[in-house]
Amino acid sequence: MTTAASRGRSALVLHQARFDLLSFLRNRQARFFTLVLPLLFLVIFNGVFGGNEVGAAGLPAKLYYVPGIAAMAVIAASFVNLVISITVLREEGILKRRRATPVPAWILISGRTFMAISVSLLSMAVLMLVGRFAYGVRLPAHAVPGIAITAVVGSITFCVLAYAFSTFIENEDAAQPMVQAVMLPLYFISGVFIPAVTLPAWLRHVAEIFPVQHLADGLRHGYLPGTTGIGIVWSDLGVLAIWAAIGLAFALRRFSWLPKAATG
Amino acid sequence: MEPVVSVHGLRKRYGQVDAVAGIDLEVQRGEIFAFLGPNGAGKTTTVEILEGFRTRTAGEVSVLGVDPAEGDAEWRNRVGAVLQESNAEPGLTVRESLRLYSGYYLEPRDIDETIALVGLDEKADTLAPQLSGGQRRRLDVALALIGDPELIFLDEPTTGFDPSARRAAWQVIDGLRGLGKTVFLTTHYMDEADQLADRIAVISGGSIVAEGTPGTLGGRNRMAATIRFTLPDGTGADDLPPELRALLASEDGQVLLTTDTPLVHVGALADWALARGIDLPDLDVRRPTLEEVYLELTEEPA
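Quick mapping for you: the protein sequence lines, in order, are chains A and B. Each residue of the first sequence is one higher than the last, beginning at 0 in numbering that gives the first Met the number 0. Each residue of the second sequence is one higher than the last, beginning at 0 in numbering that gives the first Met the number 0.
Keep in mind that the hints are not guaranteed to be accurate.
Claimed, not checked - If the Cβ cut is set under 7 Å, some of the chain A residues that face chain B in the computed set are: (1) ARG25; (2) ASN26; (3) GLU91.
Keep in mind the hints are simulated off the structure, nothing from the lab. Just so you know, even glycine gets a beta-carbon here, dropped at the ideal spot from N, CA and C.
Extracted from the complex, chain B is given alone in its bound form:
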């Protein structure tokens, strides 16, 4: 099946600087795709090219089979956008705002149903500018949904939210999956991508530095695991069997071992500790978090 978004060699140059330095992307139908990167990495520039707001310097871009630079009304009927800095319609209630926008589309969704979908039922007759930040963002999602688009762009939908507002927004975005929508999400929050996305691409300095599922991004699934524990008084890392001592990464109160085969080495550690009658109550085995992978990927070269 043809991808919903397909980008090849996209480049955007401002003066002497490539804000986007030749990237490739593909988003499949029904996917929640997260485009992740620090501020100034080229996320918004890319997404605004895909939305048809900016021209590009070079490269091929196709969104729903159409070049966004030539996107007409028919194309805009199929695309919804939650922009980063769009405020509420002044002087209109939630329901009136949706009624206004539903008039713009050929086959709009039902207004009350859309209000319910984003959980604003009780605020339907509240003036939009009086909503809280989180509620306003949910109204933005409703405005982007009212035309019943196939593809929705969400540009940093939860920036500046408190934790409960973020949870609520995540629920709404996750609900789009159930409607069969394709979602192109930009964010600089790792946990947001981890929570919502089927696939993630990380952009840094205008280039894609990694792409994958939340589980495999940046080789996370193949990265060494760490085993962490504290030895009781009188026992040191030197007392560990040689095969474990070879894995020693640091000993700073806690002993830290890194391994590609955590199960084997945890087993060896358990055998050794049980034989000596030692308990290791704070034993902890873990993979690098997505955040650690991300920070490593987007680290500025020194």
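Bound-form chain A, shown alone:
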């Protein structure tokens, strides 16, 4: 007989992740914002600005857009997707009902996080393949481990931040606008929509405080000519880790399984 105990804990995480993924794939809005929108942005930005030469080195802008939009895809699958789905599940009383079962909290959280990381990597891989074959933006083979590690660290960071950020959202209708209100300005100043080298220095300094810039920078590193080794920028990973720690502290203090919109 298969029971929760005999299947083991990692199997239970996968069990949860599988159903979270199924639920995600059946949600048209989630599919669009997470999988389609980054692809649209890649096509639009590359179509309009891709041929421009930017920075002192005169590199083509598409070299910035492929990893920049890849960062956006990771954030969409981790942060945006999770903030909205967690808020909905909490306000609909679904998290509360799951807490009434014997399943440990960390399994529910890891399952959803695992799903988000998988979708992030998949979505990023699709963008990179489109970049490679449609725009000729090539990632050297030696930089693949670096970009993968950076993507995983970035995805985990944004998942943790999603759990923290969701605690500030009062109801499900507010989730989408609040997420976009935070993310859109950050996309603009962090080298996602506009290559960072063309921004004024003070704006770049502002962007450096936030994790978006470090994820975009970390993913871009492997693409730049002259990068050797596996292509990791340790300072970017460090800043992401600090943000993950801050997010974790907030999430642990504030996260609740119960709906905020109090019932009778």
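Model the placement of chain B on the given structure of chain A, informed by the hints.
For chain B alone, kept in the frame of chain A given last:
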């Protein structure tokens, strides 16, 4: 045998107000226990303390021998809960929702059998959010049952239902009795408690105001019965024999008598009417309904 739920002196204070003001409860194994009261009486607060979702201010609580505030996974394996405001799992069908939840438990019930038990066979592959309100609530019951718990909490399971959906939900709840489950039902519908419960406790303003079986609640079995009838034209209440006139409660078209011994007085009335050749076609003898008892019990003091 040890009671399944045992509560002594339970108190929950919010600011200056006691939402639950020191209550005692006991629920025995295999019982359907109805916890009845108007909105805001402290029902949901109490049940959420029993489910382990809320802390208490004072009192002793034991559910299946465990303090719910310290209920661990092993305890949660034995308890099922249908919460008042839990919606369907988004993006999952009925069967998938049950498959997800069955993974949470040590020894889950069979999924198809559970679907059949709540009468959702034909909806097994329908997305849960597309079910009607009544069907969704039956899915909630199935989700609470899938772990094969000993005790099930049902918090206002039929609020907002149309009559046929209520009947269907009642059938499902009544079926839990056949499985030997203990059911702790909260409701503000008197007829629901009357229909389903073995025992009822009424809470009002944070206190238990009455406890008993549907037949005896609030001394219903000892309360005066009323005899009601209409006299034909030309005959008045004054014409009744003195022993019946002494029982006269009102005469407003219909004559209303109240009595603790309805059989004796109906007999006297029949003798009198037959002797005079009067028929009383609308003669009606009845006890107070559970609803009348309930409304009296939960009436706000003026």
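Here is what the structure says about each hint:
1. Using the Cβ-Cβ criterion of 7 Å, the hint placing ARG25/A at the interface with chain B is satisfied: the shortest such distance is roughly 4 Å.
2. Here the hint on ASN26/A is kept, as its CB sits about 6 Å from the closest CB of chain B, short of 7 Å.
3. A hinted interface residue such as GLU91/A counts as satisfied when its beta carbon comes closer than 7 Å to some beta carbon of chain B; here the least separation is about 4 Å, so the hint holds.
This entry satisfies every hint, going by the numbered hints stated previously.
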